[in-house]
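Asks: Chains as they are written, first to last, in our numbering: chain A, 19 to 132; chain B, 126 to 236.
Take these hints with a grain of salt, some might be off.
Unchecked claim - Far from chain A by the CB rule (all over 10 Å, computed), these chain B residues: (1) Ser145; (2) Asn147; (3) Asn180; (4) Asn222.
As the list claims (entries may be wrong) - In the DSS-like style, the derived pairs of lysine-lysine whose C-alpha atoms are separated by at most 27 Å in a straight line are: (5) Lys69/A / Lys181/B; (6) Lys45/A / Lys69/A; (7) Lys235/B / Lys62/A; (8) Lys45/A / Lys218/B; (9) Lys181/B / Lys218/B; (10) Lys218/B / Lys115/A; (11) Lys218/B / Lys80/A; (12) Lys167/B / Lys62/A; (13) Lys235/B / Lys115/A; (14) Lys69/A / Lys115/A; (15) Lys115/A / Lys167/B; (16) Lys45/A / Lys115/A; (17) Lys127/B / Lys80/A; (18) Lys45/A / Lys127/B; (19) Lys115/A / Lys181/B; (20) Lys127/B / Lys62/A.
These are computed hints drawn from the structure, not numbers from a lab. The structure displayed is predicted, hence computed values, not measured ones. Just so it is clear, CB atoms sit at the ideal spot from N, CA and C, and this is done for glycine as well.
Listed here are the chains, written in short residue letters.
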Amino acid sequence: NAGVMQNPRHLVRRRGQEARLRCSPMKGHSHVYWYRQLPEEGLKFMVYLQKENIIDESGMPKERFSAEFPKEGPSILRIQQVVRGDSAAYFCASSPKDSGNTIYFGEGSWLTVV
Amino acid sequence: QKEVEQDPGPLSVPEGAIVSLNCTYSNSAFQYFMWYRQYSRKGPELLMYTYSSGNKEDGRFTAQVDKSSKYISLFIRDSQPSDSATYLCAMFKAAGNKLTFGGGTRVLVKP
């Protein structure tokens, strides 16, 4: 999973604040995915993006969560008005094309809501 | 019912033993099958991927897929303490790009 860069690695927010998680895909990769991992659980798909397009957001909560992947710069996962239930590890992954066998993950961003 | 089922473990084995992991799935649309290893507080690392039914071997790792039974397995030979981690199976449909994960099996290899 070298190459997919996520920051911050750890983030603490008070209830009601906003959290912004950033992801830079591997060089040459134009597809980005966000997954959430709750304690002692597997990874749950949230959203799939290409440059300037949201392809599949079927796993995103309907409120407070948004994602973007602009033409320039990293992909951003934004969580508004965080609640304690948002505490989780958020993983970004990237791939060069529509290919499931080349999806690589970053090291994750751990969000703690206090 | 979850689309992908995986025994959470923990699975504890002595060093040198064979580790046997498996997942079952319910959706026959899954075409690609992966195994990831995840160490504590780290991202998932791709170990193996397979497309068709049968076996695939890579070093100490062997992945098996039985599409007729909707069952996949991962075997780790000559297990080492450094293999202690959580192992996640994941699946991908031909259409669409989201991986669907099992819940992960925690493995502990004791020296």
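Asks: Determine which of the earlier numbered hints do not hold for this structure and return their numbers in increasing order.
Replies: 4, 5, 7, 13 and 18
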